[in-house]
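**Q** Sequence:
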Amino acid sequence: MSGVTDSSKCGLNVPQGGVGFAGGPRPVSSDEYSELQSKVNRQLVKYKGQLQAGNTVKGINKIYCATTQVVAGTLEKIDGQFRTEDGSLVDCVLSIWTRSWLPDPVQIEIDCKSENTRNRRSAEDSILFEQVNDLLPKEAIEKAKGQPLYKKAIEIYLGITNTHSNNTKYIINGRFVLPDETEDTCTMVFIQQSNRLNTLNWRCDNNPIDFFYSFYPSVLSIPHSKRTKEQRLFAKFIQNFQRSYAHTFEEEERFKIFTTNLQKIKMLNEVEEGTAKYGITDFADMRPEEYAKRTGLRYDEYISDSNHIQNPLAEIPDVELPRSFDWREKGAITQVKDQGACGSCWAFSVIGNIEGIHAVNTGKLEEYSEQELVDCDTIDNGCAGGLPDNAYKAIEEIGGLELENEYPYKAKKSKCSFNKTMSHVKVKGAVDLPKNETAMALWLVNNGPISIGINANAMQFYRGGISHPWKLLCRAGGIDHGVLIVGYGVAEYPLFNKTLPYWIVKNSWGKRWGEQGYYRVFRGDNTCGVSEMASSAVLSG
Numbered sequence: 001m002s003g004v005t006d007s008s009k010c011g012l013n014v015p016q017g018g019v020g021f022a023g024g025p026r027p028v029s030s031d032e033y034s035e036l037q038s039k040v041n042r043q044l045v046k047y048k049g050q051l052q053a054g055n056t057v058k059g060i061n062k063i064y065c066a067t068t069q070v071v072a073g074t075l076e077k078i079d080g081q082f083r084t085e086d087g088s089l090v091d092c093v094l095s096i097w098t099r100s101w102l103p104d105p106v107q108i109e110i111d112c113k114s115e116n117t118r119n120r121r122s123a124e125d126s127i128l129f130e131q132v133n134d135l136l137p138k139e140a141i142e143k144a145k146g147q148p149l150y151k152k153a154i155e156i157y158l159g160i161t162n163t164h165s166n167n168t169k170y171i172i173n174g175r176f177v178l179p180d181e182t183e184d185t186c187t188m189v190f191i192q193q194s195n196r197l198n199t200l201n202w203r204c205d206n207n208p209i210d211f212f213y214s215f216y217p218s219v220l221s222i223p224h225s226k227r228t229k230e231q232r233l234f235a236k237f238i239q240n241f242q243r244s245y246a247h248t249f250e251e252e253e254r255f256k257i258f259t260t261n262l263q264k265i266k267m268l269n270e271v272e273e274g275t276a277k278y279g280i281t282d283f284a285d286m287r288p289e290e291y292a293k294r295t296g297l298r299y300d301e302y303i304s305d306s307n308h309i310q311n312p313l314a315e316i317p318d319v320e321l322p323r324s325f326d327w328r329e330k331g332a333i334t335q336v337k338d339q340g341a342c343g344s345c346w347a348f349s350v351i352g353n354i355e356g357i358h359a360v361n362t363g364k365l366e367e368y369s370e371q372e373l374v375d376c377d378t379i380d381n382g383c384a385g386g387l388p389d390n391a392y393k394a395i396e397e398i399g400g401l402e403l404e405n406e407y408p409y410k411a412k413k414s415k416c417s418f419n420k421t422m423s424h425v426k427v428k429g430a431v432d433l434p435k436n437e438t439a440m441a442l443w444l445v446n447n448g449p450i451s452i453g454i455n456a457n458a459m460q461f462y463r464g465g466i467s468h469p470w471k472l473l474c475r476a477g478g479i480d481h482g483v484l485i486v487g488y489g490v491a492e493y494p495l496f497n498k499t500l501p502y503w504i505v506k507n508s509w510g511k512r513w514g515e516q517g518y519y520r521v522f523r524g525d526n527t528c529g530v531s532e533m534a535s536s537a538v539l540s541g
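The sequence shown runs contiguously to residue 541 in the UniProt record's numbering.
Bear in mind the hints are in silico, worked out from the structure with no lab data behind them.
Just to be clear, a hint being listed does not mean it is correct.
Under the rule of at most 25 Å between Cα atoms (straight-line distance), these lysine to any residue pairs were calculated in the SDA-like manner [as the list claims (entries may be wrong)]:
id, residue 1, residue 2
1, 58, 12
2, 256, 238
3, 412, 100
4, 410, 12
5, 364, 378
Cβ-Cβ distance ranges computed for the label pairs, FRET-style [to be verified]:
id, residue 1, residue 2, range
6, 56, 223, 36 to 46 Å
7, 236, 104, 15 to 25 Å
8, 266, 498, 15 to 25 Å
9, 331, 113, 45 to 55 Å
10, 463, 103, 11 to 21 Å
11, 438, 475, 46 to 56 Å
12, 271, 187, 34 to 44 Å
13, 319, 236, 42 to 52 Å
14, 259, 429, 47 to 57 Å
For every residue, glycine included, the Cβ atom is placed at its ideal position computed from N, Cα and C.
Turn these sequences into a full structure, and let the hints guide you.
**A** Structure below.
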């Protein structure tokens, strides 16, 4: 599609060279802009009700730049030129926050620069014919070409989408080259109806023959007795996870992905070495690359930083390990928190570690401020990502941490307002733990919870149990998320002659995620890289 990009006007914080802080935003390749542009237009139609009153943006004309970031879910930001209902163009930044495990999984916000608005359309409301793919569902165009109704569009005079409750009408009026090489002015009307027949009507000024096509839009419209096994599972998935696809063609594409993922789920269950059960989850209609975009920490950048100074190695006590241990039962772990649409997993991992260490040392459990780190840590990039090692240094330089209720979390970077007189805990350094899980357990029992990085790849279809995936499916070198180890345990299955040690991991995506906000993963062979990036703060006093 011509005229899609103009990177010189980019207003986003895009890491140079395509890399940045762990947990921070990643640039979207310009090769993906065409697909992203179509997605933006679908989301604006589907979630228009979320926009502020008076906002008349209806579609995107051009992308300047875009980023994707792992927060509590995925946050996509698109800086570009948008179309409004009156035909004018305006520069805006659109944010799409996706949390697939919630009842309302998508939240959109748009910030437009009204002063840059300029009127481009003529009185007849003409638009560039390149935009037809954004105005009309892909399936309608394919049906029209497949008949074939036209060879190509020369110019589109009018493109309108009218949405009324369950119906959406698309009207495309323009100049087309017909199959017989003649040119004519034609009108295509595509009406998309939820759970009923869709219709496509085609009429040209100099051709008396009209074309009419109708079809069912959704698997939910197929009688249950006539559905295949895959269709029945997909229909149940749509209902259970409250999916509402923007267009029928999207549902068809998602169904294909869903059936492919069913095979992956089958494979995961067949090769699972623990007790985890993999099945249909919120992520079951996602491509691998889409799920991969939900990760943000870059372990390869962490280990390749030539300027990184290693922390001292932690001293490991020579004591007898209890069979199981859980700092939650000792009152040293605060409630599961939610980082929201902010790439601050690094801050939550570090704060959780400090909360636990302080509680173990003093007997007093306090909730400290992640927002203080987001605002005041000048080494890291706030919601654009960071590293635990940097955070330890920043807290030491700042002068300590305030309580959560004194410096509450906002899920966005603001001006630093730290009050040193309100500091409740201070840091004087940090230690790295050996890449040995027995040593990690010994240190945890004697000191408190541990900040780690983990590869989250095995979580796409995880539904419970102790996760022990194939190493190829969860590489130790593919760490992409900052979390907190709070304990460990051992599960025995005499019937199967199986003993499974595991870690208890606290996440920062809210209590609705995983096992009440926690994830259990096999302990003993560095599954998913749990021992690669383990560290802890050293507290003052």
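**Q** If you test the structure against every hint from before, which numbers come out violated?
**A** 5, 11, 12
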